[in-house]
Amino acid sequence: MTAPIKDYLKRSTGFHAARWAEPVVCEMTGTGRRGIVFDDAPAPTLPGTAMRKVAPALPEITEHDALRHYLHLSQMTMGMMGVSLFGTCTMKYNPRIGERAALEHLRNLHPLQDASTLQGVLELYDNFSDFLCEVSGMDQFVFQAGGGADAAYTHACVTRAYHASRGELQQRDQIITTIQTHPCSPATANTAGFEVITLTLEENGYPSLEQLKSVVGPRTAALMVNNPDDMGIYNPDIKEWVRIVHEAGGLCFYDHANFNGVMSRLRARELGFDACMYMLHKTFGAPKGGGGPAVGAYGCAEHLVPFLPSPLVVKDGDSYRLDDDRPDSIGRVREFWGNAPQVLKAYAWARAMGAEGLREAADISVLSNNYMDKRLGEVRGVTRSNPDITVPRMEMTRHSVEKVTQDTGITIFEISIRMTDFGIDALWLSHEPWLVAEPFTPEAGELWSKEDIDYWIDVFEHVVTEAYENPEIVRTAPHNAPIHQLTTALDEPDQWATTWRAYQRKHVS
Amino acid sequence: MTRLGLIVNPVAGLGGAMARKGSDEPDMVQRAALAGRDLVSPVRAARALRAFQALSDAPVLCGVVRPDGSPDMPLLSGAYGTAQDTRDVVRDMQGQVDLILFAGGDGTARDICAANAGGIPVLGIPSGVKMHSGVFARSPERAGQMAARFLSDTAQRTEAVEILDIDEEARRAGRLSARLYTVARTPLDSSGARQNPKAGGTDPVGEMDATLASYARRMRDDTLYILGPGMTMAALKQRLGGGTLLGVDLAQCGQIIARDVDEDALLSAIAGRNVRIGLTVVGGQGFVLGRGNQQISARVLRNAGLPPIDVICGADKLAALHPQELTIDTGDPALDAEMAGYWPVMTGPARHQVMKVVP
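Sequence order for the protein chains is A and B.
The first sequence begins at 1 in UniProt numbering and counts up one residue at a time.
The second sequence begins at 1 in UniProt numbering and counts up one residue at a time.
Honestly, the hints are just simulated from the structure, not real lab data.
Among the hints, a few may not be true.
Cross-link-like lysine to any residue pairs, in silico, SDA-like; alpha carbons within 25 Å at most [what the hints assert, rightly or not]:
1) LYS213(A) / HIS322(B)
2) LYS213(A) / PRO307(B)
3) LYS213(A) / GLU325(B)
4) LYS213(A) / ALA46(B)
5) LYS403(A) / LEU321(B)
6) LYS403(A) / ALA46(B)
7) LYS403(A) / GLU325(B)
8) LYS213(A) / GLU338(B)
9) LYS239(A) / TYR342(B)
10) LYS213(A) / PRO359(B)
11) LYS213(A) / ALA340(B)
12) LYS213(A) / ASP38(B)
13) LYS288(A) / ASP39(A)
14) LYS403(A) / ASP38(B)
15) LYS403(A) / GLN324(B)
16) LYS213(A) / LEU321(B)
17) LYS213(A) / TYR342(B)
Here are the in silico distance ranges between beta carbons for each label pair [unchecked claim]:
18) PRO308(B) / GLU302(A): 36 to 44 Å
19) ASP262(B) / PHE86(A): 36 to 44 Å
20) THR223(B) / ARG332(A): 20 to 28 Å
21) GLU202(A) / ARG259(B): 35 to 43 Å
In silico contact screen, one side only, chain B against chain A (beta carbon under 7 Å); selected entries [stated by the list, open to error]:
22) GLY95
23) HIS322
24) GLN324
25) TYR342
26) ARG351
27) GLN353
Even glycine gets a Cβ: it sits at the ideal position worked out from N, Cα and C.
Okay, chain B solo, but in the shape it has when bound (with noise of 0.2 Å):
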């Protein structure tokens, strides 16, 4: 029997009315309740719930708080909404549920996956403040009818989405970016019910493969590669051996030969070397150098003699940016002005769309 996980953080969404870029901070439930405020999750995961159980019969867990119009619905911890209260009903449903359904934002995502040990499949009532990450649908009701049709699929396939949230030490210097947190998997999703402002690949690295095949295959064996984070790039550091996520690895001669190197081990690797840099564009910001990838600092930039960049990136997650721009902030203004203008993103094999780039 296949049974749904209902997540509704209780203090999601509510930073929005209250002119705050999220709901993160611990007293915010508090502070709603002062401020007399409704709670936005419950009512978006009741009409989530609505559409899910006019389609499925599956039986429902959920916690941290119940939607709204279930109270009799079984209960998995009852708590305030903090992110531990998040991580312990995720860690409660393991091998609980088939599917994690919840109602929050970008931070509820993260807490989620950071205690989802199991991989359970997750996917997102939309109802926080900050929804960069890929696990939204694009409405209570499709998440309710997708959540629905998972549980009713025997082949239950799902895809991998990166998992982001804005940079909030970034954002406190006045500067807006997404940081890449994980990878997560979501039901597959072919009919647009998911959140993509910008329709197109659903399966961002199953597209870029041929790109990267190609960028692989022209890999010199005198240079050393420095390949960023991402997504894109973790599938190119596959097809070397594997390599991190989230971290900056070494590559040569088609095997990658170091795995989340900091800036001191890179300047002691590139000295004297033939250098090129792989990177994608990191986050919803457009961001190229600077988010997430530090280690290729300024110093390493110029110690390696300013070496070729090979920016990978789909042509959809380029169309997502507004404005139509990329962006370098490698902490040194005037090497940020100097490689500064127009740069050529590999799109596809034998394809490449230029973009602005600015500081």
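In isolation and in its complexed conformation, chain A is listed as follows (with noise of 0.2 Å):
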């Protein structure tokens, strides 16, 4: 938890955000200026036909000057320390200790090494995959993928690979999940070929055991869901759900993409689950979105480890080494072992928190949680997802602001900008299909002390009377950004621009 500080609201008074007329990068080039000059620079041993006929178009600038480019850009964009409860990502404080560790150890590193000069690195993964199989009951971690649908795109084409060998792969092709499961799930089975089933919500907040057996048979390949969903809801029925669909001769999959509130009180192995998967860039605090690459870490029992992504590293006495020779392995997913610095970060966050660390984290991430709920209720026109639920929420809940939209027409697009003139980070609304009308969904964690809490339901709670009192301000927001509403829609195709070369075509020519 963050420290508490003293009169936490002074500190945001009169708030506004830095404006720098920032031009783009390559429009502050001015011939010759360099950053580092190597004397010694040796030219490149490529062959002829892959050089450069011309040097590539990059901007000439100084060190000092690419510095503070990039800190006033920060500055325009609230330099990500805010106040960010942006739910389903479990935001966390990356420490800045992984950062060092990442840098010293491994950035005279190569993945071509041969593996006796790997040992080290090698050890970490060997390391993290038994904790994790600690934490999760599985058999096997690998630490290739690049993000949690990576993961769950592995997943498919482990289930892919199952079938196949067992001579079923023509007969199950139907993934069965859930409305409220991650949209990876469905989209990489799709990708991976399989049908998918979706199930939808009923009264208890998660789908009935008479549904699932609706559809569950011998077409089925998997099953692919998370728990509790990103409303918050634990589905209790889970282990029955893995005994229908085992039964069936499917494999389950468990996203552990909201394990934040979870952590150390369920394993997914003890439910049975054939496997599961970890955001090192989220639940174990890695960096992610603009500090860093993501890790899906997935996990399996010993019957799925043979169709695991190569190489996998292995442990022979006391040296470790890198197993290619896999015959019934999917292959690979990404390049070489994954985004390796974010192993290492996570694993020393890993290793600092410890099991009781991982437990008292979770439990905050609940208690936080249910707090907000209970203040976010007596807001004004703010009500919550499946109001008629009493189970207590894990580590977060969906909220709406509908009847606030209704009242006043102001909508949580809207509210979420305004925050934003308080220093607070964009909301989290909700992933599609929006079940829950004007949504958000934030997400305290471990992280967040109750005055950085109270602060944001403040400015919250600030913003939704400022919708019935005064909405043309909210409206009009954002009044204390760099910028104000844009006039000309992102939408046209003729003016947007994700590149220099695109922005020249479109603009300066």
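Take the two lone chains, each set in its own frame, and fit them into one complex as the hints suggest.
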């Protein structure tokens, strides 16, 4: 948790984001300007046909100007250091020591080195696999997938390979999921060639056993679900779900995107699951988004290990090697062994937390969410998903401002934008399709202090009050941001430019 | 020069305050006057107009009554606000305006579309009791802003939306069900300004295109297809040579072979045939059978030996249902009970969503 700050609200009084007329970095170029000049830079040893004929048109800029440029940009985007309760993403502090460790220990390594010279990082992979096996009850973890969706795709491919090895792939062409499971599960199942059967929520907030039974059968290849879902509701029948799918011959995959509230409180394998996935860039404290790439740690029970992506880190006596000779493997889902620096940062975080730390973090995140849930429920016009269900929510709850919108015309998008005027990062709304109108899904995790959470809710409540009393100020927000509302639509294909070349083509010439 | 048509149905929205399901009864104005009630829609129209005029100086031609606070605005006809008054104004506006902005509810939307022979794009200022149709902006201000943006857009891009209204006959029988009346063009909205309680697809048929292509490709030559009404099904029928929006059509070997068939025609067509039924979810209440497609009756279903039913519907439309269920009402309670259960609904290519179907 962050430290309590005295007079927290005063801190944000009069907030206004920095406002620089910052050019695109390519426009800042000055011929001959350099960061560092290497007198003895070696000429590239490339075959002639691969050599550039003309130097690339990169901006020429000093190190100092480059830093100042990016500092200005970060000042105009709140520096990723506002209060962000961005739900489903489990926003955590990324300890700086992780950056330093990754830099010091990995920057001079290359994955094509001989394994005998990579023993340290291989040991780390092996240790972390053991750690996550302890957390999940699985038998082996791999860190190759470049994110949660990539890990879900890994599972779809493992499912394909598993049923093919048993001669049942032709018959088993359906993967079952639920409407509240992250959209990457159906998407990757489709990508791997399966038909997707999505179950609908029923009165308890999750699909009934009867509904599941209505679709399980000889065509079932796998079940891919999360639990709890993004609305914070835990499906207590999950063990029976797994049994029913197993009985029909399907595999079961636990998407642990919402693991934070149940860390150390359950093990996927003990619930019967064949495989699961953790997002190291969310739950395990490694950076994400602007801070770094992602890792979907995919773990499975022994019967699926032969199908895992290659290479696997294997311990031989006292040393480690990379095993690429695995005939049943699905191959690679990403280059080499995934984003090794992220694996190192997550390992450092996990070791620092330890088993007790994980449990405490899980409990705090559930407590924080239920505190938020209670306070938000007292804000005018705010309701929550499944209002009639009284079970406590886990680490997040989906709320709705549908009533506010009906009363005032102000939408959740406008509330979210107005909140940036108080130094609050944009809200996470909902995955699609929206089952709850005008949704928002805050998640405090274990990081944010009570003061932070209270400040966030105070701002939210203030903006809702504005919606009722002075809607124009909300509708025309932001007022304290570097730019106001865009007047030109971002959906104009002849205007948008996501590259310098496109910008020149559309705006300069 | 572009021009805005502004229709204000003075009685819209009155039924709400008077605890009625709508304001369709002809004596509503008089009753409102007796009850000393203020009119709702001229006030909301004035809010929309202010937002419009902040962004646009296009001239405005108004009809039925003027919005509040605009005593000098050119008025096409002054009247009491019957359905006929609305239709007369719409007729007079043909060729005169580029967009019809109206203050009213579903009933007003229906009247406008019924008289809108030239297909002028239509946009609603939410002012009615019932607003199930897709033409309504979220608020009067947004309606005005959307109208201004539309008129200043040289391309004046539009999209198709469904005009629905509560089936009054069913309501009187104690059942709530919306009925699809027609399809209208409305300004293309990518900013979420239009009322759509569940975000997502603004163009349901566009998003279903790949699903319909995949369905059409898998249609079997030895099977007779009974295809129900609705925008989604009309788009499927379009792929098969064109059919009706509101009717039940028959298809065979990739072609529509009969349009707008009634129960008798269905009974004779299905005799001795392999039959499949293709339906979509009609209206906001989740009806699959028994609303707008009563031709596919209990007799038809039984005579065809309870044929497989393919329901095709976008996931967003399913998400908007409360409760998350589909409903059937074939008129034969025993058959309804027999058919109830969990049905897969095609929501995309290689995608099905399971929905509970209740009588």
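field: Hint check: 7 Å Cβ-Cβ cutoff, HIS322(B) to chain A
entry: HIS322(B) check fails; min Cβ-Cβ to chain A is 9 Å, beyond 7 Å.
- request: Would you check whether ARG351(B) satisfies its interface hint, that is, whether its CB is within less than 7 Å of any CB in chain A?
  value: Check passed: Cβ of ARG351(B) comes within 5 Å of chain A, closer than 7 Å.
message: For a C-alpha distance cap of 25 Å, please report whether LYS288(A) and ASP39(A) respect it.
response: violated, 36 Å
message: Can you confirm whether the C-alpha distance between LYS213(A) and GLU325(B) stays at or below 25 Å?
response: Given that 25 Å is the threshold and the Cα spacing comes to 17 Å, the pair holds.
- prompt: Holds or violated: LYS213(A) with LEU321(B), Cα cutoff 25 Å?
  reply: holds, 23 Å
- request: Could you check if GLN324(B) really has its C-beta closer than 7 Å to a C-beta on chain A?
  value: This hint holds: GLN324(B) lies near chain A, its Cβ roughly 5 Å from the closest one there, short of 7 Å.
message: For the hint 36 to 44 Å, verify it against the beta carbon of PRO308(B) and that of GLU302(A).
response: With Cβ atoms ~41 Å apart, the hint holds.
query: Under the criterion that the straight-line Cα-Cα distance not exceed 25 Å, is the pair LYS403(A), ASP38(B) satisfied?
result: holds, 24 Å
Agreement of LYS213(A) and GLU338(B) with the hint, judged by alpha carbon distance not exceeding 25 Å: Holds, at about 18 Å.
- prompt: If you draw a straight line from the CA of LYS213(A) to the CA of PRO359(B), is it 25 Å or shorter?
  reply: With a Cα-Cα distance of about 21 Å, the restraint between LYS213(A) and PRO359(B) holds, given a limit of 25 Å.
- prompt: Between LYS213(A) and ALA46(B), is the straight-line Cα distance small enough, at 25 Å or below?
  reply: violated, 55 Å
- prompt: Do the beta carbons of GLU202(A) and ARG259(B) sit within 35 to 43 Å of each other?
  reply: holds, 39 Å
Hint compliance for this structure: hints 4, 12, 13, 19, 20, 22 and 23 are not met, and every other hint is.
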